[in-house]
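Order-wise, the sequence lines are chains A and B. Using our numbering, you'd call the opening residue of the first sequence number 1 and step up by one each time. Using our numbering, you'd call the opening residue of the second sequence number 1 and step up by one each time.
Be aware that a few hints might be false.
Claimed, not checked - Lysine-lysine pairs mimicking DSSO-like chemistry, simulated, CA-CA at most 27 Å apart:
#, chain 1, residue 1, chain 2, residue 2
1, B, Lys215, B, Lys186
2, B, Lys50, A, Lys131
3, B, Lys186, A, Lys131
4, B, Lys101, B, Lys186
5, B, Lys55, B, Lys101
6, A, Lys131, B, Lys136
7, A, Lys131, B, Lys260
8, B, Lys50, B, Lys260
9, B, Lys55, B, Lys260
10, B, Lys136, B, Lys186
11, A, Lys19, A, Lys32
12, B, Lys142, B, Lys101
As the list claims (entries may be wrong) - Selected chain A positions facing chain B (in silico; Cβ < 8 Å):
#, residue
13, Ala128
14, Glu135
15, Ala136
16, Ser139
17, Thr140
18, Gln146
19, Leu148
20, Pro162
21, Thr165
22, Phe196
23, Ala197
Source of the hints: derived by calculation from the structure; they are not laboratory data. All residues carry an ideal CB built from backbone N, CA and C; glycine is no exception.
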Amino acid sequence: MDQALPPTRWTIFLDTFFKASVIDQYLPSILKGIVVTLEVAALVVICGILLGLTLALVRAYRIRAVNILIVILVDMLRALPPLVIILVVYFGLPNVGIALSNFAVLWLILTLVLAAFAEEIFWAGITATPKGQWEAARSTGLGFTQTLLFVVMPQALRITIPPLTNRTIAITKNTALGTVIGVPEILNQATTATSFAGNATPLMMGAVAYMVIFIPVVTFGRWLETRFAWRRA
Amino acid sequence: MLLIHADARRGLPAARPLLLAQVDTALTPDTPILDVRGLTKRFGSTEVLKGIDLKVRPQELVFVIGPSGSGKSTFLRCCNRLEEPTDGSIRVAGVELLAHKVDINAMRRRIGMVFQSFNLYPHMTARGNVMLALRKVLKMPKEQARAEADAALDRVGLADRAGHHPSALSGGQQQRVAIARALALKPELMLFDEPTSALDPELVGSVLGGMRDLKADGMTMLVVSHEMRFAQEAADRVVFMDGGVIVEEGPPSAIFGAPKHERTRAFLSRVLN
Ligand SMILES: Nc1ncnc2c1ncn2[C@@H]1O[C@H](COP(=O)(O)OP(=O)(O)OP(=O)(O)O)[C@@H](O)[C@H]1O
Ligand SMILES: [Mg+2]
């Protein structure tokens, strides 16, 4: 291409979002961001789903006081925007002597929010299991807990997978909120690099990084759905 | 402490021993397997069972008939406490089911139940359905449970379907798996709540055939059903329920041939035509 020609819209676009020198310079920090995002995301997914499952199982025992507590906690966590909770906890709690690291706050809040949604999804799965399943199992002498674990939960989990996958992806993407409290995840690295470089290329690199992480997750979710879709009697 | 090993008596693999204190009456060959006295059940303010008395003796097949809403299902479900009775006494093989200290799970595995809607576990194969309680309730080793499950499925003519999921079985086959699931626990009493009502007519015969075989093998059965022909042929006694009470009971020839009560006659003329 002739250097003397004036820049076209296309070359300006390429220069803004895909500048090779900027890519070279900031690739290491974006990669570091990917590692941090993956770490937080993995911890949030594992802890959030396990906690949500535990809460739903506890709720199945229908102990009144316990269930009221669970419902209040879950509804609050579902109603509040995660960003608000993150800011309140990160900037508020140190005033009462509880100072958590930014990484810990991001992990804790997203875990609690995912747990709240997961609990509701698991609970819906438990209550959707026909009463006859409970009765059949109990009539063979299985106890409540055995019935819950071996008969009801496997069926509940199957219908739980699609909504749970969607919700998990949505909440895991909220790791980007870590940028407001300085967690060096993908978005944080990308915005920092963008302001240093005076060029939007790092933001585009961040977007690509999110796709690289989440497209396999979305695909895995779809595979899970088909894997668990046995036909009903 | 004095212990009676309930399973030793039945030649079964060892399971939970039964406290002597639970056995309220001496067990003799004539002890009714099921002895219900003064059973009442209220849902809120509506009294659905208004004092039921019934004995089912060993190897007897007792048939319960009656109009819709008369309390037949409720009565049956009280017999293994799927429904909590309001008052009365229910003894199974001499053990008071409504006693405070009774181990209801230990008793339930001695009382098989078959439901109108089969209620098979959809996530398990036929064999898995039968094995679950063998493994988790009787604590059988896997290989033994598998052998027992296959034997039970063979008894209902489904040896070749052991690996199928319920969704791959016909209604009649599903119901026979459900019978095998109860049967595998070697119960002393089997309860059937309209076992053929959800089946296409051409599949009813296979389930009734399975029940006939059970009867021939000496199983004690309490059956709620609208299969009047089966009642006439296979039942030792027929019980007519209406409005939460037993109106009349007797051998099938008497109930169907010469019912004493007007309500029985009215019901039979309705269902037999
Ligand atoms: N869980 C419940 N709560 C309130 N009422 C109930 C409940 N279960 C049953 N009933 C009522 O108890 C009465 C007897 O019901 P049940 O199911 O025992 O009758 P059934 O003789 O089995 O009738 P069908 O032939 O239609 O099965 C009915 O009027 C029913 O509405
Ligand atoms: Mg009924």
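So, going through the hints one by one against the coordinates:
1. A distance of roughly 14 Å separates the Cα atoms of B/Lys215 and B/Lys186; the hinted pair therefore holds under the 27 Å criterion.
2. This hinted pair checks out: B/Lys50 and A/Lys131 have alpha carbons roughly 26 Å apart, not beyond 27 Å.
3. Of the supplied pair hints, the one linking B/Lys186 and A/Lys131 holds, its CA atoms being roughly 25 Å apart against a limit of 27 Å.
4. Distance hint between B/Lys101 and B/Lys186 is fulfilled; the C-alpha atoms sit about 23 Å from each other, no more than 27 Å.
5. Proposed proximity of B/Lys55 and B/Lys101 is supported: the alpha carbons are some 23 Å apart, at most 27 Å.
6. About 20 Å separates the Cα atoms of A/Lys131 and B/Lys136, which keeps this hinted pair within 27 Å; it holds.
7. Distance restraint check for A/Lys131 and B/Lys260: the Cα-Cα separation of roughly 39 Å exceeds the 27 Å cut-off, and the hinted pair is therefore not satisfied.
8. Using a Cα cut-off of 27 Å, the hinted pair B/Lys50 and B/Lys260 holds, with the two alpha carbons roughly 21 Å apart.
9. A C-alpha spacing of about 20 Å is found between B/Lys55 and B/Lys260, which places the hinted pair at or below 27 Å, so the restraint holds.
10. Of the supplied pair hints, the one linking B/Lys136 and B/Lys186 holds, its CA atoms being roughly 15 Å apart against a limit of 27 Å.
11. Distance restraint check for A/Lys19 and A/Lys32: the Cα-Cα separation of roughly 20 Å lies within the 27 Å cut-off, and the hinted pair is therefore satisfied.
12. For the hint linking B/Lys142 to B/Lys101, the alpha-carbon distance of about 31 Å lies beyond 27 Å, and the restraint is violated.
13. For A/Ala128, the interface hint is violated, the least distance from its beta-carbon to any beta-carbon of chain B being 13 Å, above 8 Å.
14. For A/Glu135, the interface hint holds, since its Cβ comes within 8 Å of a Cβ in chain B; the closest pair sits about 5 Å apart.
15. For the restraint placing A/Ala136 at the interface with chain B, the shortest Cβ-Cβ distance is roughly 4 Å, inside the 8 Å limit, so the hint holds.
16. Residue-level restraint check for A/Ser139 holds (minimum Cβ-Cβ distance to chain B is 4 Å; threshold 8 Å).
17. A least Cβ separation of about 4 Å between A/Thr140 and chain B falls short of the 8 Å threshold, and the interface hint therefore holds.
18. For A/Gln146, the shortest C-beta to C-beta distance to chain B is roughly 5 Å, which falls under 8 Å, so the interface hint holds.
19. Nearest Cβ of chain B to the Cβ of A/Leu148: about 12 Å, over the 8 Å cut. The hint is violated.
20. Because the smallest distance between the Cβ of A/Pro162 and any Cβ of chain B comes to about 17 Å, over 8 Å, the interface hint for this residue is violated.
21. Taking 8 Å as the C-beta cut-off, the interface hint given for A/Thr165 is violated, the closest approach to chain B being about 19 Å.
22. The closest approach between the C-beta of A/Phe196 and any C-beta of chain B is roughly 55 Å, which is over the 8 Å cut-off, so the hint fails.
23. For A/Ala197, the shortest C-beta to C-beta distance to chain B is roughly 54 Å, which exceeds 8 Å, and the interface hint is violated.
In this structure, the earlier hints numbered 7, 12, 13, 19, 20, 21, 22, 23 are contradicted, and the remaining ones agree with it.
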